[in-house]
Amino acid sequence: MSPEVSVHEVAALLHECGPALVLTGAGMSTESGIPDYRGPDGNRRVTPMSHQEFTATSEARQRYWARSFIGWQRFSAAEPNDGHAAVTELQRSGLFGAVITQNVDGLHQEAGTRDVVELHGSLAEVVCLTCGERVDRDLVQAFMHDANPGFASRALGSVPDGSQVSSQIRPDGDIVLADEAVRTFVAPRCLVCSGDALKPDVVFFGGSVPKDRVDLCFALTDAAPVLVVLGSSLKVMSGYRFVRRAAAHGIPVVVITRGPTRADAETTHRMDAPLGVTLSSLVHAVGERADRAG
Numbered sequence: 001m002s003p004e005v006s007v008h009e010v011a012a013l014l015h016e017c018g019p020a021l022v023l024t025g026a027g028m029s030t031e032s033g034i035p036d037y038r039g040p041d042g043n044r045r046v047t048p049m050s051h052q053e054f055t056a057t058s059e060a061r062q063r064y065w066a067r068s069f070i071g072w073q074r075f076s077a078a079e080p081n082d083g084h085a086a087v088t089e090l091q092r093s094g095l096f097g098a099v100i101t102q103n104v105d106g107l108h109q110e111a112g113t114r115d116v117v118e119l120h121g122s123l124a125e126v127v128c129l130t131c132g133e134r135v136d137r138d139l140v141q142a143f144m145h146d147a148n149p150g151f152a153s154r155a156l157g158s159v160p161d162g163s164q165v166s167s168q169i170r171p172d173g174d175i176v177l178a179d180e181a182v183r184t185f186v187a188p189r190c191l192v193c194s195g196d197a198l199k200p201d202v203v204f205f206g207g208s209v210p211k212d213r214v215d216l217c218f219a220l221t222d223a224a225p226v227l228v229v230l231g232s233s234l235k236v237m238s239g240y241r242f243v244r245r246a247a248a249h250g251i252p253v254v255v256i257t258r259g260p261t262r263a264d265a266e267t268t269h270r271m272d273a274p275l276g277v278t279l280s281s282l283v284h285a286v287g288e289r290a291d292r293a294g
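My numbering puts the first residue of the sequence shown at 1, with every later residue one more than the last.
These aren't lab readings, by the way, just hints derived from the structure by calculation. Errors might be hidden in some of the hints.
Listed next, the in silico EDC-like pairs over lysine to aspartate or glutamate satisfying Cα-Cα at most 20 Å (straight line) [claimed, not checked]: (1) K199 <-> E59; (2) K211 <-> D196; (3) K211 <-> D146; (4) K199 <-> D272; (5) K199 <-> D136; (6) K211 <-> D222; (7) K199 <-> E125; (8) K199 <-> D146; (9) K199 <-> E53; (10) K235 <-> D196; (11) K235 <-> D272; (12) K199 <-> D138.
Just the calculated beta-carbon pair ranges, DEER-fashion [stated by the list, open to error]: (13) R154 <-> E288: 52 to 58 Å; (14) E4 <-> R74: 30 to 36 Å; (15) E79 <-> R114: 38 to 44 Å.
Bear in mind the structure is a predicted one, so any value in this text is a computation, not a measurement. Cβ atoms here follow ideal geometry from the backbone N, Cα and C, with glycine treated the same way.
Use the sequences and the hints to build the structure in full.
So this is what it looks like as structure tokens:
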């Protein structure tokens, strides 16, 4: 494992090598109130619905949409945090370049970050797996609201600890919900083909990132002078492969996150630290260097 470095050392590297390619994970959004799948030790706390489970039965899709219907109310209300704002500021200063995010919450774009590649898609869109029709998630949410009057209050009331629903919201907008609360839920159907195979336009666990998107991210990695990883344990190969690619090409890899990562052996600059305050300090350090240079 690489030794811990300071914010000023990272600032110096970015001034020397930038603009860096940035790879962000679920830890980027925890300060916005969207918990990670994993705890500080890197072990998974909850298991999300898999692609195979979602596509297998109508009952699985009903269960997903019932839980997501409740979770969306809090998920969609999340706002960019200090870390998102700092990424935007570092991009505007020319030290950060494109951003590959494993998150599906759209908070980078809401914070003003440009050139964002959403590796796992976006929860803001829904696609029909039968006919390919695409629709805005807010419209699907409105349909579910009209088709399930009073469901939210009944569902929340069925949970022994009312705080459990909000405390267990997940990076994909899913929540914990008792099975008995799901059985009466009317899941959304496609307005074009009437099928029930509507799915958020995101890569579920066990699914595959589209090849053209992976190829784009590999090309960005190959062209990067440095790769900065923010808020990811890199336990999933989907993001880890870009770190491996960078290391194989001799590209410096900076990791700022809480706890150990799968890429500790490939990391050249490591900070085990909270993102919001650390990235804000990095913006300040970069500004200090610019003032001295000026």
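Quiz item: If you draw a straight line from the CA of K235 to the CA of D272, is it 20 Å or shorter?
Solution: holds (16 Å)
Practice problem: Could you check the hint for me, namely that R154 and E288 are 52 to 58 Å apart, CB to CB? | Solution: Given range 52 to 58 Å: holds, Cβ gap about 55 Å.
Practice problem: Starting from K199, check that the Cα of E125 is at most 20 Å away, please. | Solution: With Cα atoms ~9 Å apart, K199 and E125 stay inside 20 Å; holds.
Quiz prompt | Satisfaction of hint between D222 and K211, Cα-Cα up to 20 Å | solution = holds (16 Å)
Self-check item: Proposed proximity, D196 with K235 (alpha carbon, max 20 Å)
Solution: Given pair K235, D196 is violated - Cα atoms ~32 Å apart, limit 20 Å.
Self-check item: Supplied distance hint 30 to 36 Å, evaluated on CB atoms of E4 and R74
Solution: For E4 and R74 the Cβ distance comes to about 35 Å; the hint holds.
Quiz item: Between K199 and D138, does the CA-CA distance stay at or below 20 Å?
Solution: With a Cα-Cα distance of about 13 Å, the restraint between K199 and D138 holds, given a limit of 20 Å.
Quiz item: Is K199 close enough to E59, meaning Cα to Cα at most 20 Å?
Solution: Given pair K199, E59 holds - Cα atoms ~13 Å apart, limit 20 Å.
Exercise. Hint says 38 to 44 Å; check whether the CB-CB distance for E79 and R114 agrees.
Key: Between E79 and R114, where Cβ atoms are some 19 Å apart, the hint is violated.
Quiz item: Given the hinted pair K199 and D272, is their alpha-carbon gap at most 20 Å?
Solution: The hint is violated at about 36 Å.
Quiz item: Quick one, are K211 and D196 close enough, alpha carbons at most 20 Å?
Solution: violated (26 Å)
Exercise. Measure nothing beyond the straight line between the CA atoms of K211 and D146; if it is 20 Å or shorter, mark the hint as holding.
Key: Violated, because 37 Å separates the two Cα atoms, which is more than 20 Å.
Taken one by one, the earlier hints fail for this structure at numbers 2, 3, 4, 10 and 15, listed in ascending order.
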